[in-house]
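Engineer: Sequence:
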Amino acid sequence: MSNVEIEVDIEGDIPFITCAENQLKQAFINIVKNSIESMEDGGRLQIQVSLRGEQVAVRFKDSGCGVAKDRIPKLGEPFYTTKEKGIGLGLMVTFQIIKHHHGHIHIESAEGIGTIVLVELPITLNEDRMEHIPYTYSTL
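Residue 22 in the numbering used here sits at position 34 of the sequence shown, and the numbers go up by one each step.
If you are wondering where the hints come from, they were derived from the structure by calculation, not from laboratory data. All residues carry an ideal CB built from backbone N, CA and C; glycine is no exception. Treat each hint with caution, since some may be false.
What the hints assert, rightly or not - Dumping the calculated DSSO-like pairs for lysine-lysine here, alpha-carbon to alpha-carbon at most 30 Å: (1) K87 x K13; (2) K13 x K62; (3) K57 x K13; (4) K87 x K21; (5) K49 x K13; (6) K87 x K57; (7) K62 x K49; (8) K21 x K57; (9) K49 x K21; (10) K62 x K87; (11) K62 x K21; (12) K87 x K49.
Stated by the list, open to error - Ranges between beta-carbon positions, derived for each pair: (13) D58 x E(-1): 31 to 41 Å; (14) D29 x I111: 30 to 40 Å; (15) D29 x H90: 14 to 24 Å; (16) T112 x D58: 18 to 28 Å; (17) P3 x A56: 33 to 43 Å; (18) Q14 x H94: 15 to 25 Å; (19) E(-7) x A98: 18 to 28 Å; (20) I111 x N(-9): 33 to 43 Å; (21) D1 x K62: 16 to 26 Å; (22) G41 x N(-9): 20 to 30 Å; (23) I2 x G100: 27 to 37 Å; (24) G0 x E99: 32 to 42 Å.
The whole structure should be built from the sequences, with the hints applied where relevant.
Structural biologist: Have a look at this one:
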């Protein structure tokens, strides 16, 4: 797609996590879409899934245009975009979904080199933490 090679590496046995499945799908789609769009002339997107203690880590690394260091803290703010035709809501929604799942999202980038987005999600959520996830619940 768009001359982008996607490589997926799942390290070992990854346990199921408690989540709103459609929300996490949307968050991951937003990240993948941004990566693909950042590689206008094609490139490589590496997706790595691993277990880190009590967290599942999903790492997206692209060879796209990258983001300037001073812009990284603004990513995820409503209506902030680095795209010519973007509206600045995709990453905002992604950040909210990860937050509702009591996860973390970290972004590293360098102009002309690419971007790494790391999403860390807890394996299990106890009942009182699950109440804070809007919509429905399912296991991945």
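Engineer: Would the pair K49 and K21 pass a check requiring their Cα atoms to be no farther apart than 30 Å?
Structural biologist: holds (12 Å)
Engineer: G0 and E99, beta-carbon distance inside 32 to 42 Å?
Structural biologist: Holds - the Cβ-Cβ distance for G0 and E99, about 34 Å, lies within 32 to 42 Å.
Engineer: Lying within 27 to 37 Å: is that true of the beta-carbon distance I2 to G100?
Structural biologist: holds (33 Å)
Engineer: With the threshold set at 30 Å, check whether the alpha-carbon distance from K87 to K21 stays at or below it.
Structural biologist: holds (20 Å)
Engineer: Is K87 within 30 Å of K49, Cα to Cα?
Structural biologist: Holds, at about 21 Å.
Engineer: Mind checking the hinted window 31 to 41 Å against the Cβ distance between D58 and E(-1)?
Structural biologist: holds (33 Å)
Engineer: That 20 to 30 Å hint for G41 and N(-9) (C-beta), does it hold up?
Structural biologist: Violated, since G41 and N(-9) (Cβ atoms, about 37 Å apart) do not stay within the stated range.
Engineer: Given the hinted pair K49 and K13, is their alpha-carbon gap at most 30 Å?
Structural biologist: OK: K49 and K13 at ~18 Å, within 30 Å.
Engineer: Would you check the hint for K87 and K13, treating anything up to 30 Å between C-alpha atoms as holding?
Structural biologist: holds (14 Å)
Engineer: With a cut-off of 30 Å on the C-alpha distance, tell me whether K62 and K87 pass.
Structural biologist: OK: K62 and K87 at ~16 Å, within 30 Å.
Engineer: With respect to the beta-carbon atoms only, verify the hint that D29 and I111 lie 30 to 40 Å apart.
Structural biologist: holds (38 Å)
Engineer: With respect to the beta-carbon atoms only, verify the hint that D29 and H90 lie 14 to 24 Å apart.
Structural biologist: violated (38 Å)
Hint check: violations occur at hints 15, 16, 21 and 22; the rest are consistent with the structure.
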